[in-house]
Structure formats: structure tokens, C-alpha cells
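J.: One-letter residues, chain by chain:
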Amino acid sequence: MLVDAIRAEGFRLSKNRTALFWSLMFVPIIMLVIGAVTNFVLKGSETKILGDEKMPPELKEALARGTLDLADALVTAAGNFANPLLLLFVLIGAATIYAGDYRWETWRLISARNSRGNLLLAKLAVVAILALAAMAFMLVASLAENLIKAAVFERTLTFGMTGDKALQFLGFTGLSWLRILQFTMMGMLAAVLTRSLLAALFVPLVFGVAQFFTPQMLAPMGVMPDAWLSVLVNPGAATDVVQAVIKGGVEAAALPDGLVLKAWTSLALWTLIPLAGALAWFRRQDLSKE
Amino acid sequence: MTAVIETPVIQVVGLTKTYGTVRALDGLDLSIPRGGVYGVLGPNGAGKSTLFRILLGLIRASDGTASIMNGPVGDIAHMRLTGSMIETPRYPPYLTARQVLRWLALEHGIAGTADIPYWLERVGLAEAADRRVRGFSVGMMQRLGVAAALISKPELIILDEPTSGMDPPGIQEMRALIRSLANDDGLTVVLASHQLLEVQRVCDRVAILNKGKLVREGAVSELTAVGERLRLSAGPIDKVLAVLGAKGVRDGEAALADIPRAEGPALIRALVEAGIDISEARWVGTDLEAIFFTETGAVQAPETIHAG
Numbered sequence: 001m002l003v004d005a006i007r008a009e010g011f012r013l014s015k016n017r018t019a020l021f022w023s024l025m026f027v028p029i030i031m032l033v034i035g036a037v038t039n040f041v042l043k044g045s046e047t048k049i050l051g052d053e054k055m056p057p058e059l060k061e062a063l064a065r066g067t068l069d070l071a072d073a074l075v076t077a078a079g080n081f082a083n084p085l086l087l088l089f090v091l092i093g094a095a096t097i098y099a100g101d102y103r104w105e106t107w108r109l110i111s112a113r114n115s116r117g118n119l120l121l122a123k124l125a126v127v128a129i130l131a132l133a134a135m136a137f138m139l140v141a142s143l144a145e146n147l148i149k150a151a152v153f154e155r156t157l158t159f160g161m162t163g164d165k166a167l168q169f170l171g172f173t174g175l176s177w178l179r180i181l182q183f184t185m186m187g188m189l190a191a192v193l194t195r196s197l198l199a200a201l202f203v204p205l206v207f208g209v210a211q212f213f214t215p216q217m218l219a220p221m222g223v224m225p226d227a228w229l230s231v232l233v234n235p236g237a238a239t240d241v242v243q244a245v246i247k248g249g250v251e252a253a254a255l256p257d258g259l260v261l262k263a264w265t266s267l268a269l270w271t272l273i274p275l276a277g278a279l280a281w282f283r284r285q286d287l288s289k290e
Numbered sequence: 001m002t003a004v005i006e007t008p009v010i011q012v013v014g015l016t017k018t019y020g021t022v023r024a025l026d027g028l029d030l031s032i033p034r035g036g037v038y039g040v041l042g043p044n045g046a047g048k049s050t051l052f053r054i055l056l057g058l059i060r061a062s063d064g065t066a067s068i069m070n071g072p073v074g075d076i077a078h079m080r081l082t083g084s085m086i087e088t089p090r091y092p093p094y095l096t097a098r099q100v101l102r103w104l105a106l107e108h109g110i111a112g113t114a115d116i117p118y119w120l121e122r123v124g125l126a127e128a129a130d131r132r133v134r135g136f137s138v139g140m141m142q143r144l145g146v147a148a149a150l151i152s153k154p155e156l157i158i159l160d161e162p163t164s165g166m167d168p169p170g171i172q173e174m175r176a177l178i179r180s181l182a183n184d185d186g187l188t189v190v191l192a193s194h195q196l197l198e199v200q201r202v203c204d205r206v207a208i209l210n211k212g213k214l215v216r217e218g219a220v221s222e223l224t225a226v227g228e229r230l231r232l233s234a235g236p237i238d239k240v241l242a243v244l245g246a247k248g249v250r251d252g253e254a255a256l257a258d259i260p261r262a263e264g265p266a267l268i269r270a271l272v273e274a275g276i277d278i279s280e281a282r283w284v285g286t287d288l289e290a291i292f293f294t295e296t297g298a299v300q301a302p303e304t305i306h307a308g
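Residue numbers (this note's numbering), protein chains in the order written: chain A, 1 to 290; chain B, 1 to 308.
Each statement offered as a hint is correct.
Covered, in the sense of this in silico footprint (three residues per stretch, anywhere, with C-beta under 8 Å from a C-beta of chain A), are these stretches of chain B:
#1 58-71
#2 75-82
#3 94-107
Label pairs and their in silico Cβ distance ranges:
#4 B/Arg250 - A/Asp286: 55 to 63 Å
#5 A/Lys165 - B/Pro72: 52 to 60 Å
#6 A/Met161 - B/Val138: 52 to 60 Å
#7 B/His194 - A/Asp286: 20 to 28 Å
#8 A/Asp286 - B/Pro168: 33 to 41 Å
#9 A/Asn83 - B/Gly71: 46 to 54 Å
If you're looking for bench data, these hints aren't it; they were derived computationally from the structure.
A virtual CB, placed ideally from N, CA and C, is assigned to each residue, including glycine.
All chains should be modelled from the sequences, with the hints used to inform the complete structure.
T.: Right, dumping it as C-alpha cells:
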């Protein structure tokens, strides 16, 4: 029955071209355009530098001979999936999915067809797929941008996907996906509590901005950045810790003892609490005034 | 119209719903039999929509029990045997009528699309099947709502004001569809409506609610038969009244005979044998509208007695 609800929710989203465009296409297109323009601007600068007679010949040679590793580009892109811009536009689609039935008063059409838990979990599943699709489009845009870069700068393309890089790519992708889902689950909770599409969109954004200022607020209170409280109230910092672990090297080795456990705990709580809250509230909610 | 009395499809015992200090339902007891068309009547605030919303799991009762299709309200396995349309339905505006039905069929676990054209045709939306619902009139929304309720092949269908916003031909078509669903498809149809004449025409049984309580319940034919009289347009009128004796009263140029329906044919024969010319004889009774106003205490406009 959960499968039925997921198929139905997925079908409905597949027909919502506006939500799909803004959630999936807009940011990758913008990133691609900005990346391409930047490459052409930089190429102009490089041409000037190479034409400068005062430049040392060895530097000119280094600039002219570079290679471009697409595997590195993929790993970098995966690390940036949960960027604020993509997050904002994925949230638009997520808010439509979570709050649409309140907005269009359509709970009454579906509430007798499936259990409330299934209906809400189906929305989460479709948002999870939407987030993955948005990340895939970002990846394609990143690859395209790097191909343009290689063409503009006449770089040789390579693809050195080692085992370590593959693990980093998967780790960054999974972490970014979890991070995006955390924000959308805040949106789910907001949608269920307020029945409002705007709340489903803006509450996670406010939450994101608040996280940014959390360290500055806690520092005067004597709470260290690696303390339980700091990490638990700031899943953004927890994400940075896990990202450092995935990246490995000196940064990972320098992490204080126990911080990784705190980070995972924070991420788990920020994932599960909004989900459990939304499910518990929704199961008892009066749906007659959507 | 035939009413098949079997296991109740809806059973409500002591059902109460309070909103703050307002009691929308006040210990309602109601049993709706399987088969036929059942009307739930009542003035605004009588508790009709609240009853339907509880039955469909949209809201929770404050007290009492309710079962639907022999299962407790909220049990999805039983709820899925029910199709419903509560108030004027709304849909995601970007979907077409066909897509709305596809979406709701998928929600029900029906992957096939074969039935969709059939139901669109049956509710008169075949030509609008691929139009987005954002451009639909209220009447079209209602029709699509009925199709949406039927797409899962339910055994019970609950319709709240199914003819609201429809023009007279649309109302007539909807009435025919509802009767056909009960007679041809074997569905139990439970509807709420303010259009009392429509209810009288389409329903087999009715329940009249007032202030959250059941005030009258029964077969439409039985309810309207109470106080029924035979109206005779015949002459000479004095001679007619003489034959009727104490059972007859004058009503303008006609006479009203206060006799049971079974005695009608014998009276007609007696009048003919007495040399009286009968131009019209028809039963007139209290209609559902009059019963409704009597039971609910609502203010009634003049002209409450209509031909039966």
C-alpha cells in the first residue's frame, strides 16, 4: 500500500511541470551558464597573461599544458550538492508535495484510500527521489561545464576515478542527500503543523540561516564548537565534520576524539525528530479544513 | 425504487462530535442498510457533513462508535470499499480530468487505465477528459468528483451535495446516474442534499437530522404516505361528497377523500356506478419538504402540500 501511495504521489509530481522545472532544471541551468561565462572570461585573462612578454616562460608553459580530471570534477560537485541555491529550489518542489493537499483541499480525496502514515511517507519518498534527481541534474551540469572548460582552455580530459575518489564521491553524495532531506523534513513538519505551503518553504530556510549563526551565539556562553550542545544544535557543523572524515587526510586526523559520534548523532536526530513529529501530528490531525 | 435491506453498510451508535461548546453531533444513532439510495437531510449545522467526515476518517468523533462496511472507521481495508465526494471537490489545478482519475486510481492500487474513459463518459466528461481542471466549472468539478469516487469500484458511495452548482439538465443527469448506480451497478449510495424534491425523487430511504440528532428515519414512500388523501376532480361535486360521506371534504372544485390507498379502486368504481364523471383522481400527501420543515422546525415558505 505504501508503494501505491508512492506511485500516486510520483505520478502527480510528474505532471507538475512548474515544480519540476524549478526544482530540477533551474539551478543546473544557471550554474552551467555562470560556469561557461566564467570560463570564457578567464580564458580572456589567460590569453592576456600568455601574451605578456614579462611573464616567465615556465609559468606560461604550465598554464598552457594543464589537464582536467573529470573524476575530480565529479567529487567536487558531489561535495557541493547541498549548496543553498539548490536547497532552496528543491525545497520549492518539496513544499508543493508536502503542503499541496492542504492547499488544494485534496486530502478528502485520498484519506480513505490509504493510511495516513503511508500517505505522508510516500511524500517523503517522492521528495527523496526528487532530491536525487536534482543532484543528478547538477552532476550533468557540472560535467557539461567541465567539458566547456576543457574546450575553452584546450585542456586534455582525463578520468582518474580511483577507489578512494569513488568512495569520496559516494560519501559526499549520500551526505548531501541526507542534508537536503533534513531540510525538506523540516518543511514536512512545518506543512503538517501549519497547513501552509509558504511555511513549508520558509521554515527550513529560516532554520538554515539560524544554524549559520549558532556558533557565534554559543561562543559567548562558553560552549566550545566540539561540545555536544554545539554539534547537536547545529547539524550544519555536524555535516562539515562528516565531510572531513569522508575527505580524509590531515583534516580528518585533526578532528577531536568523539566529535564524529556527536556529528552522526546530530544528523540522525535532525533527520528523525521532524519525521516522527510530522507523522505523529498528521495521524491525529483534523483534515476537514485543509 | 427498491430498497434491499441487508447488513448495514454504515452503523453509528451514540456518535458525538463537539467543536468547543458546539455539539455538531449529539449522540447520533443511525443504521444505513445495504442497497438503494439513502438520503441524509437536515438544515445547515444539522451534522450531515460532520457525520460524513467522521465516516471517511477526516475527523475523529468525540464519543460513540461508527463502522463502515462492517469495519471500524479508520480501518483502511474497509474504508477502501467506499468512494466519496465531500462538498465541492477540488483538485491539483495542473492535472487534467483523466490524470485526476489516474492519480486516484494509483492511490488505490489500480495500475490499469481501462476504466477511466468509461467513468468519464458516464459522468458526461468524456469531451473534457484532457482539459486541465483549473478551467472546470463547479458542475464539472462535481461530475469529476463522482467519477473519482467511483474509479476504485466501491460498494458504497457517499456523496455530499452531489448536485450543488449544477444546472437543471445536469441535476437531471446526476439523478439518473445515482439511480443507475444503485439499480444497475448494485452500489449503496448515501447522499446529503438540501434539494428536498431531488431527494424525494431519487432516494429509497431518508434520515432527517437536526442539531446533531436523528429526528426521523424511514422509507420515502412510507414517510410521504402519512396523511395521504385521494383528490378527485369530478362532478357534480355535491354528488361526489354525498358518496364520500364523512370521509370527504371539499377542496375548491374538487373533493378530498380520506381513505387508505387500498380502497381507492373500489371508491372509483362506486363513483362511476353513481353516474359521476371523473376527470382526474390522484393521491396527494405530505411531501418530504413538509416533513423536513415539521421535524426540523425550520421556517417554511407557503405551499407545503404537493401532488404525490
